[in-house]
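Chain E is already provided as a structure; the job is to place chains Y, S, X, A, C, V, H, B and D on it using the hints.
Protein chains in written order, with the UniProt record's numbering: chain E, 1 to 91; chain Y, 1 to 91; chain S, 1 to 91; chain X, 1 to 91; chain A, 1 to 91; chain C, 1 to 91; chain V, 1 to 91; chain H, 1 to 91; chain B, 1 to 91; chain D, 1 to 91.
What the hints contain is simulated information worked out from the structure, not anything from laboratory work. Incorrect hints may have been included.
Below, a list of computed lysine-lysine pairs in the DSBU-like style, where the Cα atoms sit at most 35 angstroms apart [what the hints assert, rightly or not]:
(1) V:80 - B:80
(2) S:80 - X:80
(3) E:80 - Y:80
(4) D:80 - H:80
(5) A:80 - C:80
Because the structure is a prediction, the values reported are computed rather than measured.
Number of protein chains: 10
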Amino acid sequence: MLNAIVLINTSPNTVRQTAERLAELEGISEVYSVCGRYDLVAIARVADFEHLANLVTERINMLEGIIETETLNALQVHSKHDLETMFSVGL
Amino acid sequence: MLNAIVLINTSPNTVRQTAERLAELEGISEVYSVCGRYDLVAIARVADFEHLANLVTERINMLEGIIETETLNALQVHSKHDLETMFSVGL
Amino acid sequence: MLNAIVLINTSPNTVRQTAERLAELEGISEVYSVCGRYDLVAIARVADFEHLANLVTERINMLEGIIETETLNALQVHSKHDLETMFSVGL
Amino acid sequence: MLNAIVLINTSPNTVRQTAERLAELEGISEVYSVCGRYDLVAIARVADFEHLANLVTERINMLEGIIETETLNALQVHSKHDLETMFSVGL
Amino acid sequence: MLNAIVLINTSPNTVRQTAERLAELEGISEVYSVCGRYDLVAIARVADFEHLANLVTERINMLEGIIETETLNALQVHSKHDLETMFSVGL
Amino acid sequence: MLNAIVLINTSPNTVRQTAERLAELEGISEVYSVCGRYDLVAIARVADFEHLANLVTERINMLEGIIETETLNALQVHSKHDLETMFSVGL
Amino acid sequence: MLNAIVLINTSPNTVRQTAERLAELEGISEVYSVCGRYDLVAIARVADFEHLANLVTERINMLEGIIETETLNALQVHSKHDLETMFSVGL
Amino acid sequence: MLNAIVLINTSPNTVRQTAERLAELEGISEVYSVCGRYDLVAIARVADFEHLANLVTERINMLEGIIETETLNALQVHSKHDLETMFSVGL
Amino acid sequence: MLNAIVLINTSPNTVRQTAERLAELEGISEVYSVCGRYDLVAIARVADFEHLANLVTERINMLEGIIETETLNALQVHSKHDLETMFSVGL
Amino acid sequence: MLNAIVLINTSPNTVRQTAERLAELEGISEVYSVCGRYDLVAIARVADFEHLANLVTERINMLEGIIETETLNALQVHSKHDLETMFSVGL
Chain E
1 MLNAIVLINT SPNTVRQTAE RLAELEGISE VYSVCGRYDL VAIARVADFE HLANLVTERI
61 NMLEGIIETE TLNALQVHSK HDLETMFSVG L
Chain Y
1 MLNAIVLINT SPNTVRQTAE RLAELEGISE VYSVCGRYDL VAIARVADFE HLANLVTERI
61 NMLEGIIETE TLNALQVHSK HDLETMFSVG L
Chain S
1 MLNAIVLINT SPNTVRQTAE RLAELEGISE VYSVCGRYDL VAIARVADFE HLANLVTERI
61 NMLEGIIETE TLNALQVHSK HDLETMFSVG L
Chain X
1 MLNAIVLINT SPNTVRQTAE RLAELEGISE VYSVCGRYDL VAIARVADFE HLANLVTERI
61 NMLEGIIETE TLNALQVHSK HDLETMFSVG L
Chain A
1 MLNAIVLINT SPNTVRQTAE RLAELEGISE VYSVCGRYDL VAIARVADFE HLANLVTERI
61 NMLEGIIETE TLNALQVHSK HDLETMFSVG L
Chain C
1 MLNAIVLINT SPNTVRQTAE RLAELEGISE VYSVCGRYDL VAIARVADFE HLANLVTERI
61 NMLEGIIETE TLNALQVHSK HDLETMFSVG L
Chain V
1 MLNAIVLINT SPNTVRQTAE RLAELEGISE VYSVCGRYDL VAIARVADFE HLANLVTERI
61 NMLEGIIETE TLNALQVHSK HDLETMFSVG L
Chain H
1 MLNAIVLINT SPNTVRQTAE RLAELEGISE VYSVCGRYDL VAIARVADFE HLANLVTERI
61 NMLEGIIETE TLNALQVHSK HDLETMFSVG L
Chain B
1 MLNAIVLINT SPNTVRQTAE RLAELEGISE VYSVCGRYDL VAIARVADFE HLANLVTERI
61 NMLEGIIETE TLNALQVHSK HDLETMFSVG L
Chain D
1 MLNAIVLINT SPNTVRQTAE RLAELEGISE VYSVCGRYDL VAIARVADFE HLANLVTERI
61 NMLEGIIETE TLNALQVHSK HDLETMFSVG L
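Just chain E, same shape as in the assembly (with noise of 0.2 angstroms):
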């Protein structure tokens, strides 16, 4: 399973709806509406590299309301949790 955290701005006024489209799409497992400099948090994780390159490039990007996003690829992860056993029943 890969990871990746995704730091977005959006459009005034439209933080809620943002998150909530995103959150609907596939590969995408949380969307956090956050203080600080951004906007929103999106958590990614999917089965491989491609199903990662789609979602950015071709799906994220192209939400309405998206004024500009940051990827942070995960390379490795550390947890107590066995996160591949708990998120990966619905990939």
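Just chains Y, S, X, A, C, V, H, B and D, lined up with the frame of chain E:
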């Protein structure tokens, strides 16, 4: 359950050890070593605000190797998964 | 009582009206027009996290004239004053 | 009463002690340890401009642990509360 | 006498007109068109804080051509000249 | 008379001494300790370009306590005051 | 053979088309859609400086969808591969 | 002879025309289209400060296609060449 | 084959040695010393994600002389060349 | 003849010596100490790309006192002067 995404820069050549020590902290659910401008991204999942405050100011910042942190508190979460159940088992 | 400091930039010549509308929002204790890189700083004092989430994502961001906000959640407060009593009278 | 919001970065692992020392300074009403790009936000409430000048240049900057400060002078305040009375009791 | 240095960026090709209009505002002592990252630097010299607040929020920001301002309040002044006398004749 | 506005950051706890030493330099008319992102702003008023060059590269930069300077040469000045006369008495 | 790495930001939802049009330009060896702060990275491999000048100022910048480019000229190249032969076949 | 280096960003696809119009301005000695974060760098060589002021505020900024300029006044010049003679022939 | 572009800043006067050591690392295809804001750009070409993770976190960051890296993972590649064949011979 | 503009920051109080040492380097035509965000701007005029590469990576970066350089390669030059003849006499 409260969530926060912590963007972290570490001193050179300490990425792995710092990630491992972070992942052992109570309240830290996952730690990713990432590409891009940050070295690590930690996901905190805690019971309430006091736990989050203690985690950020008293324990993460005290870890050796951590140069800079930027904590993005999650205000709302949108997800297909029932994160509360999935993660709260271990809180 | 949860506190947050919101750094705000407004569109030109809307500083005063935006400050007044902000100060009327439930949960906003004070709004300062300031010198420096920001136009306004609002202090939010709310009962719990849900109120803060709603205030930031649903109401502040919806105000006309607001271009950019950066919310700094207070994790701990240190003060000679008993802020909880002083401000909670009106919450 | 003059107000100022001081954005502060401290050296690593000195957030709590620095916040406590700041909160003891005459003229400092509240000190928040915060999420986001800054470590602390102090609210200064003083009688006049001379007190503010002395507080910022002579006392805050002299505190050990403080790396960087950015003071945002309040030009106008908008609030439901009668801040002058609430806080001036102790000035 | 209170002083403030206002760093200003204007919309292209409006530097001269904006400088002239600024220099006519009561409380603005000098306006310099400058090299470097800013277009103009205005020096405000006013009787008290209320005048400064009004000048910055109500009059400078309202001028056409002004895109961005950053006001640096002077806390203390060090000078061989008796600025108070030199400039207060006209306040 | 040539003018320049010098934005200065000093090492912590040296703001006052650095301001005083700067104000004694020939060609420096005023030094303000300020709020905001800079610590000091110095106004240079000199007879000609050679004096300005010498002041900036040979004397300001040599002062202990100065970490960073950014000099904004004034190209034109707009003022109600006859600055040339007011300040040139002492050049 | 001269090489240059061109960091590119495109207007939203034009990443793929812009990448394809770039890759067809003579002198552009590879175009990557990437994670992180940039949208695309193009690698230019050209015979001489004139070709590079023409490619950057006359052809890349003219492509629709390109908002911002930053060209990093390669001064020296270190590689296990004989890049000159591998790529010059097609120049 | 006074020199200044002007860093310039132009609107997309206007680099060449803007460079040519700049190079025709009296006082502009050379205009380079460059790699890196800027589009153009112009070298101004003028007789005195008034000419420089006029060139920067009245003529360069008025040119269509110019989005942003940052003028770096030369305080001193060090060169093996006798620039004064080389360039002053044409001033 | 996975590609990544790594933007690198080195400590002063170590550009050449660091470039040579980088170019010897398995998985690094080319290292360019460049003009502009970065010192080096390395192109990684590896078989799969695990190799990329190991290369970035365990080996590049461990090299002496490297101060800062920013890895841009390639999601998709567009090229006239059959890069897979050209480079995979040696993977 | 190839030209490049090198933006340079030096360590405090070393501006003059660093400028003089730079101006002696073969290939450096002029060095200006400047106002603004940079300390020095050097103009390189060299016969070909190899000379430029050597000058930037092997000699400029090796000079004591240089903290940061950003080289802007000139792709095209527009000038009333015949720079090639004026400067190539001494290359």
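Query raised in the report: Within a Cα-Cα threshold of 35 angstroms, do residue 80 (chain A) and residue 80 (chain C) meet the stated pairing?
Result: 22 angstroms, holds
Report task. Quickly compare the C-alpha distance for residue 80 (chain V) and residue 80 (chain B) to 35 angstroms and report which way the hint goes. Result -> With a Cα-Cα distance of about 22 angstroms, the restraint between residue 80 (chain V) and residue 80 (chain B) holds, given a limit of 35 angstroms.
Report task. Would you check the hint for residue 80 (chain D) and residue 80 (chain H), treating anything up to 35 angstroms between C-alpha atoms as holding? Result -> It holds: about 22 angstroms lies between the C-alpha atoms, which stays within 35 angstroms.
Query raised in the report: Taken at face value, is the distance from the CA of residue 80 (chain X) to the CA of residue 80 (chain S) at most 35 angstroms?
Result: This hinted pair holds, its Cα atoms lying about 22 angstroms apart.
Query raised in the report: Regarding the pair residue 80 (chain E) and residue 80 (chain Y), is the alpha-carbon distance no greater than 35 angstroms?
Result: 22 angstroms, holds
In the structure shown, no violation is registered for any of the earlier numbered hints.
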